[in-house]
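A.B. asks: Single-letter residue listing:
Number of protein chains: 4
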Amino acid sequence: MKHYYDQIERINYEGTQTNNPFAFRHYNPEQIILGKTMAEHLRFSICYWHTFCWAGTDMFGSGSFNYPWQSSADPLSNAKAKADVAFEFFYKMNVPFYAFHDVDVAPEGNSIQEYINNLSIMTDILLEKQQQTGVKLLWGTANCFTNPRYAAGAATNPDPEVFACAATQVVHAMNATHKLGGQNYVLWGGREGYETLLNTNLRQEREQLGKFMQLVVENKYKIGFNGTLLIEPKPQEPTKHQYDYDVATIYGFLKQFGLEKEIKVNIEANHATLAGHSFQHEVASAIALDIFGSLDANRGDPQLGWDTDQFPNSVEENTLVMYEILKSGGFTTGGLNFDAKIRRQSIDKYDVFHGHIGAIDTMALSLKCAAKMIEDKRLDQKVAERYADWDKNLGKDILQGNMSLQEIAQYSLVNNLQPKARSGAQEQLENIVNKAIFG
Amino acid sequence: MKHYYDQIERINYEGTQTNNPFAFRHYNPEQIILGKTMAEHLRFSICYWHTFCWAGTDMFGSGSFNYPWQSSADPLSNAKAKADVAFEFFYKMNVPFYAFHDVDVAPEGNSIQEYINNLSIMTDILLEKQQQTGVKLLWGTANCFTNPRYAAGAATNPDPEVFACAATQVVHAMNATHKLGGQNYVLWGGREGYETLLNTNLRQEREQLGKFMQLVVENKYKIGFNGTLLIEPKPQEPTKHQYDYDVATIYGFLKQFGLEKEIKVNIEANHATLAGHSFQHEVASAIALDIFGSLDANRGDPQLGWDTDQFPNSVEENTLVMYEILKSGGFTTGGLNFDAKIRRQSIDKYDVFHGHIGAIDTMALSLKCAAKMIEDKRLDQKVAERYADWDKNLGKDILQGNMSLQEIAQYSLVNNLQPKARSGAQEQLENIVNKAIFG
Amino acid sequence: MKHYYDQIERINYEGTQTNNPFAFRHYNPEQIILGKTMAEHLRFSICYWHTFCWAGTDMFGSGSFNYPWQSSADPLSNAKAKADVAFEFFYKMNVPFYAFHDVDVAPEGNSIQEYINNLSIMTDILLEKQQQTGVKLLWGTANCFTNPRYAAGAATNPDPEVFACAATQVVHAMNATHKLGGQNYVLWGGREGYETLLNTNLRQEREQLGKFMQLVVENKYKIGFNGTLLIEPKPQEPTKHQYDYDVATIYGFLKQFGLEKEIKVNIEANHATLAGHSFQHEVASAIALDIFGSLDANRGDPQLGWDTDQFPNSVEENTLVMYEILKSGGFTTGGLNFDAKIRRQSIDKYDVFHGHIGAIDTMALSLKCAAKMIEDKRLDQKVAERYADWDKNLGKDILQGNMSLQEIAQYSLVNNLQPKARSGAQEQLENIVNKAIFG
Amino acid sequence: MKHYYDQIERINYEGTQTNNPFAFRHYNPEQIILGKTMAEHLRFSICYWHTFCWAGTDMFGSGSFNYPWQSSADPLSNAKAKADVAFEFFYKMNVPFYAFHDVDVAPEGNSIQEYINNLSIMTDILLEKQQQTGVKLLWGTANCFTNPRYAAGAATNPDPEVFACAATQVVHAMNATHKLGGQNYVLWGGREGYETLLNTNLRQEREQLGKFMQLVVENKYKIGFNGTLLIEPKPQEPTKHQYDYDVATIYGFLKQFGLEKEIKVNIEANHATLAGHSFQHEVASAIALDIFGSLDANRGDPQLGWDTDQFPNSVEENTLVMYEILKSGGFTTGGLNFDAKIRRQSIDKYDVFHGHIGAIDTMALSLKCAAKMIEDKRLDQKVAERYADWDKNLGKDILQGNMSLQEIAQYSLVNNLQPKARSGAQEQLENIVNKAIFG
Ligand SMILES: [Co+2]
Ligand SMILES: [Co+2]
Ligand SMILES: [Co+2]
Ligand SMILES: [Co+2]
Ligand SMILES: [Co+2]
Ligand SMILES: [Co+2]
Ligand SMILES: [Co+2]
Ligand SMILES: [Co+2]
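Residue numbers (this note's numbering), protein chains in the order written: chain V, 1 to 439; chain A, 1 to 439; chain Y, 1 to 439; chain F, 1 to 439.
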């Protein structure tokens with residue numbers, strides 16, 4: 001392994017006393033929290049795309065990074081150089097997982113055959129690097145949105161040949177993920193949506209997407225992949241409207257196509273807020289609907305209307321998220337993937353370390369604070385008490401279907417119900433949360 | 001009938017040549033459009049609540065209207081005086097329908113028995129007025145959100161007694177709607193949502209809401225009501241998050257509780273935009289999901305984050321909406337209910353006429369423009385052509401399930417697919433729309 | 001003083017070890033931070049309106065609180081009862097200040113004379129209560145937005161008689177504020193804006209508002225009031241657009257009317273976010289423009305488009321705000337007024353304590369964290385270094401006006417400038433902030 | 001001139017009877033509206049950047065257009081080929097004006113000297129093409145945001161050498177604009193803003209920007225440029241916050257640096273809505289503040305939070321804008337520049353015609369409808385009547401400064417003012433507007 005980040009050995013836990021900016025202050029992988037190590041709870045993953053493929057462009061500016069692994073005229077050489085640096089970074093960041101798109105790791109080539117060959121070559125290299133470093137694959141995916149052929153969607157494209165191209169990429173990306181021991185396979189419908197309803201047949205495109213997902217599920221069993229299939233919701237961008245808008249929308253889609261037991265969601269913080277929801281809301285909703293899978297841990301900007309994909313740095317926001325996850329029993333195959341990128345101005349070679357270290361400590365601290373919320377027990381009790389009457393006579397009779405609407409109305413009349421007002425106690429509960437976070 | 005609006009006889013169609021502001025310029029009820037009269041297509045309805053119950057308050061100001069029917073100390077006298085003016089107005093506005101909440105038309109009283117009695121008295125009065133004026137009921141509903149008992153929700157309240165109170169209102173509002181020949185019954189979950197996840201059990205509240213809707217469906221059959229049950233989506237306000245967020249969310253809810261064939265949606269323009277969608281999107285989505293029912297025709301303000309409930313005045317926006325509806329075959333039991341209110345400064349007695357006349361002409365013109373879009377045929381053809389390959393070999397094989405994902409990938413490789421780029425033609429289609437609207 | 005909150009003596013600092021929810025965990029009034037006591041830094045104030053006047057209504061619901069001081073048929077008795085409870089609460093909350101609108105404390109009456117008399121009576125009572133409790137007045141203001149006469153604005157009303165009514169209220173509210181030793185006088189242009197440009201003469205209304213503010217300044221000197229005049233920005237709500245949109249807009253207005261040395265701003269967190277800005281942005285902007293005055297410390301909801309006026313509970317957000325204020329030298333006459341209300345469901349008598357205690361601890365902790373950011377020195381140094389070249393030759397020549405644009409261009413050419421890229425170091429700086437907050 | 005668009009001769013007015021999609025239906029350049037030709041009123045301009053420089057990329061996708069003038073390895077050859085097509089298009093679109101950035105028309109080169117040489121060569125070519133085609137320059141500008149050197153801003157960069165580079169580009173872009181007879185020179189502060197306040201000195205950056213603008217004004221006079229200087233507001237994107245946020249913000253900035261008579265604004269529709277304002281609001285505000293200059297006519301998407309720069313297609317929106325402009329006397333040096341781009345899927349060579357034709361007809365029709373609003377006179381009268389009392393005694397005394405605040409209060413008391421409520425008549429006025437648009 002070449003040493004690109006030659007000033008850094010490896011990031012380790014040094015605790016809050018350290019002044020070393022290249023150390024974890026809160027993330028102690030081996031520390032036990034509620035019966036599991038922090039590493040087991042958090043299952044951190046670093047993404048290939050933002051970290052090693054993005055050149056520092058934005059819609060108004062050209063690339064600012066000038067990475068050496070983007071300098072060769074030979075795409076495959078670049079891919080290999082990139083893999084060297086990527087695994088050096090994964091290792092030095094001391095995280096157990098990484099995640100990639102097919103074309104992050106292997107050049108597309110000029111034909112399907114070339115694509116397949118390149119991906120095959122690179123999969124072997126990645127496997128070797130996984131074995132060398134101990135870094136594992138959290139999930140793989142196929143990029144079916146960058147190539148201009150996907151301008152009008154992949155599975156939902158008006159041209160079935162484009163559907164076929166997407167299917168091809170997914171087959172090979174699933175194979176690669178399987179070979180690399182990936183724990184999940186993610187589908188993000190980057191352009192599964194519309195620019196204008198004027199040229200769109202919603203019902204047709206939904207059928208196409210339903211069929212695609214059914215085929216993916218079938219293929220999973222066929223190849224013996226044991227990981228979890230995940231869809232990542234996003235409401236819009238690059239399109240005007242995307243079909244995988246949010247958790248609730250995906251749930252309806254899965255129900256329609258009989259997939260709600262087969263596919264779960266990979267929720268991204270920034271996509272949640274773009275959809276008009278809090279991150280906590282999306283996570284709690286997925287859990288309540290039994291489709292929670294994994295997280296893309298990042299943050300958006302509350303004042304901006306696009307996907308800024310910044311590193312998470314809010315313990316306040318993520319404590320609430322980790323609290324939902326802890327209550328639900330924690331991750332199974334999922335984890336915390338940093339779908340996040342340094343800022344275009346962050347051109348120092350080590351800024352990417354600062355970004356990830358801050359993010360990791362943020363999530364680690366959030367886990368600890370969430371554990372305190374659990375241990376405090378008052379939150380849980382307050383909620384249990386609030387709904388307690390649903391376990392008593394009237395409540396049970398209603399929920400068990402023992403009373404018709406008219407019988408309930410009759411009961412109200414006979415008893416002249418005047419339900420006693422109860423405080424929602426929001427301020428009190430918020431103070432309990434802040435005590436867990438700030439002492 | 002007393003004559004409150006004594007300067008107006010009735011609003012009639014006078015065409016675009018008139019200078020009379022109290023005439024329709026575009027809405028000619030008897031005019032045939034695509035084989036049906038405009039009245040049959042549009043099925044206009046006026047709402048009781050904004051028009052006769054709202055006093056002109058807002059969150060920062062007290063009432064500006066001083067209506068005579070809000071002046072008596074006896075609530076039932078007020079209710080009767082209000083009914084007089086309401087039906088005078090419905091009649092003079094020349095619309096076929098109206099809509100109401102239980103407590104819009106009858107005082108709540110101080111007990112459930114009083115509520116039932118008041119509603120019964122007023123239902124008889126409304127029936128008589130319907131017969132006198134020929135105005136019919138588009139839909140009835142129960143207001144389960146204004147009374148403080150519903151502060152934490154109705155069906156989703158932590159207290160089953162509150163659920164029972166809501167059930168009581170719905171039973172009696174359904175009875176009243178049935179007796180009055182209402183063509184639909186609407187459920188708007190005004191506070192079915194949460195203020196903070198900290199005091200909320202999402203799964204529990206969802207179960208409660210599902211049970212409630214199942215009971216409502218059952219009750220519909222029991223009382224022999226032939227109308228359509230409708231849920232009205234709204235994403236938030238007054239709560240932080242409402243469970244009937246948008247059409248896609250409601251679809252998932254209906255699927256979970258086996259209700260997708262029993263309940264449809266009543267889509268409000270302003271709620272669509274608050275949810276981050278265009279009005280057209282919500283209508284088109286409901287149609288694509290087979291749950292389209294009825295419309296609350298109003299408008300929000302694109303720069304404001306609350307429900308301004310203004311009268312619709314955009315032909316551009318509503319032409320697209322009417323186009324979706326025409327393509328789908330038009331309303332069945334649904335219609336265009338003006339869930340809209342004049343501005344707090346519109347204190348002239350006749351401003352409410354201007355509001356409704358403008359709205360009616362806007363929707364009538366939108367219908368005509370949408371019919372031109374249909375007649376032009378190019379839009380339909382362009383969309384049909386765009387997806388035409390899905391009716392050919394590869395497309396059919398995929399959708400009919402004749403190929404596995406791997407077989408599709410193999411097909412792509414063998415044929416080295418390089419799908420030909422196709423223009424989405426958005427600019428061209430938009431020009432066709434504007435030709436339909438503006439000539 | 002009657003004892004309404006009879007379960008509470010007074011809220012005191014008990015530190016983080018306490019389990020008493022009715023104690024401060026972080027706010028220790030006497031503790032010295034960067035050379036001043038926390039009380040001197042934070043200058044907390046409780047508002048009369050939300051806390052004692054709001055009945056728990058919202059746009060979809062009637063009042064949920066049923067306060068005893070809203071129960072009498074005699075408005076003046078209610079006002080006195082309310083003052084008793086208000087000062088009991090101010091005292092028990094252990095804050096140095098309160099704030100009020102004229103009609104919060106005194107009934108409007110049925111004529112201007114009655115208004116003046118009522119305000120005069122109540123001012124005497126407030127003065128006595130101030131002396132009894134030691135609570136002081138942070139600021140007074142006049143409510144020129146609730147009465148329907150202000151539906152189309154106060155100073156910007158098309159009717160000069162309405163302007164005159166507003167002037168009347170401001171004269172008497174300023175007198176009351178002066179008599180009560182108020183340290184500031186605030187103007188919030190609740191309806192100084194428009195609902196539609198169609199009925200609005202922007203230039204005329206701006207002239208009216210400019211004249212109004214000039215008269216207020218003149219009156220301040222005339223009555224010998226030594227406090228600071230403050231305008232509170234808000235972008236919209238209840239109107240479509242308000243002229244005091246944000247800090248930058250107010251700055252332009254003040255400059256146009258020659259008032260930038262006479263009037264400062266009272267910035268509210270929730271108004272900042274409604275305007276599309278972070279709270280920190282608005283504070284930093286006001287400081288950079290030399291018009292920073294005071295704060296309404298509250299919070300909005302990042303997903304909601306109206307003024308939720310919740311209690312501040314984010315240490316992360318408010319640390320950045322306090323950091324700006326500390327860097328600028330701290331408050332002079334301004335302070336932290338809690339323009340915040342408990343939730344409509346918070347019907348427990350003591351919820352208002354929880355709301356304020358949480359808010360006070362949040363701001364106190366934010367002060368401490370901001371002090372650590374100052375003491376850490378790295379943030380300040382990084383910024384100083386970043387701009388250091390502006391103190392060297394080229395920078396100084398440019399800023400001091402020694403070079404024309406063409407001379408600068410010539411300099412660039414001759415030296416073939418290729419400025420060296422520099423990292424913005426955002427991730428690193430954010431980690432420093434989180435270290436200050438979380439250790 | 002090569003013929004790239006070989007299927008099109010020139011777009012001409014054919015009226016609403018035509019079925020030719022490559023004709024104007026509403027824009028008849030010679031038709032007289034309120035005393036001027038439509039061409040004189042509208043002053044259409046086509047932009048170089050979106051139309052000929054953008055490759056069809058977005059943040060998630062690579063270029064979809066494959067233009068021949070982007071294919072050569074020699075940048076200057078590309079620039080020449082691009083100029084050929086650009087002027088062919090300007091001519092065929094039958095518009096009087098175009099607009100460009102320096103680097104749209106000339107390659108940046110590898111040094112400042114190369115940049116100057118390239119721009120000089122291309123300026124000569126453009127001049128020749130202007131003479132051949134009769135197309136004139138509405139405005140020129142310098143792109144000080146794409147090159148990575150501007151990542152942290154141009155005039156507001158922490159590095160004065162970057163300021164100097166920007167100054168260099170502006171000097172040469174102003175010279176080119178002057179030589180080409182440009183009627184305006186525009187400054188868009190693409191990155192004059194911040195990503196995080198943590199690394200930003202707001203006061204310092206504001207001083208830099210003020211100095212820069214002062215130098216630009218000085219340079220204008222020095223080179224004898226008679227056109228208008230314009231700043232284009234935009235609230236954010238690509239940065240978190242831009243200093244030229246909106247019209248009101250720019251006004252305050254101009255006042256601070258004594259530039260309000262020297263610089264006006266170029267308002268873009270999409271930037272208006274990103275700032276939370278209607279397009280009409282921004283135009284009306286600029287007119288009321290005497291800084292209205294020119295327009296970038298495009299549209300955003302009401303549901304999307306980034307600059308979609310679509311072609312304007314709303315007659316409803318633009319009628320209100322044209323109404324403000326007509327009332328103000330119309331454009332002087334400004335015009336309607338289409339800062340708009342076809343969609344990434346619009347890969348048909350002629351889609352760019354459809355986009356511009358639709359946009360031109362939209363604005364032409366908006367002009368006609370606005371003229372009808374003027375001719376109807378009722379709108380103007382209603383507004384005049386609404387404020388009429390300000391020309392009577394009390395109103396005049398107030399505005400002319402004849403009464404102090406206390407005297408006004410005394411007047412109110414003596415006369416016991418009870419201002420009569422007046423309707424804002426919003427619904428009525430909106431109906432008048434729709435009559436002007438739709439008949
Ligand atoms: Co993601
Ligand atoms: Co993202
Ligand atoms: Co509605
Ligand atoms: Co509504
Ligand atoms: Co405030
Ligand atoms: Co507020
Ligand atoms: Co522009
Ligand atoms: Co733009």
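Heads up, some of the hints might be wrong.
Identical copies look the same in the list; a pair holds intra-copy or inter-copy alike.
Once the Cα atoms are required to be at most 30 Å apart in a straight line, the calculated BS3-like pairs of lysine-lysine come out as [unchecked claim]: (1) Lys220 <-> Lys80; (2) Lys92 <-> Lys261; (3) Lys136 <-> Lys92; (4) Lys420 <-> Lys92; (5) Lys349 <-> Lys420; (6) Lys179 <-> Lys327; (7) Lys222 <-> Lys392; (8) Lys349 <-> Lys377.
Please keep in mind that the hints were generated in silico from the structure rather than gathered at the bench.
A.B. asks: Give a verdict on every hint.
C.D. replies: Now for the hints, and whether the structure bears them out:
For the homomeric pair Lys220 and Lys80, the shortest alpha-carbon distance inside one copy (28 Å) is at most 30 Å, but the shortest distance between copies (53 Å) is not. Taking CA atoms no more than 30 Å apart as the test, Lys92 paired with Lys261 passes in neither setting, with 37 Å inside one copy and 55 Å between copies. In this homomeric assembly, Lys136 and Lys92 come within 30 Å of each other (Cα to Cα) only inside a single copy, at 14 Å, whereas the closest approach across copies is 58 Å. Taking the shortest alpha-carbon separations for Lys420 and Lys92, only the inter-copy value of 28 Å comes in at or below 30 Å, while the best intra-copy value is 59 Å.
In this assembly of identical chains, the alpha carbons of Lys349 and Lys420 lie at most 30 Å apart only when taken from different copies (15 Å versus 62 Å within one copy). Proximity of Lys179 and Lys327 under a CA criterion of 30 Å is satisfied in neither setting, with 33 Å inside one chain copy and 49 Å between copies. For the homomeric pair Lys222 and Lys392, the shortest alpha-carbon distance between copies (27 Å) is at most 30 Å, but the shortest distance inside one copy (48 Å) is not. In this assembly of identical chains, the alpha carbons of Lys349 and Lys377 lie at most 30 Å apart only when taken from different copies (24 Å versus 45 Å within one copy).
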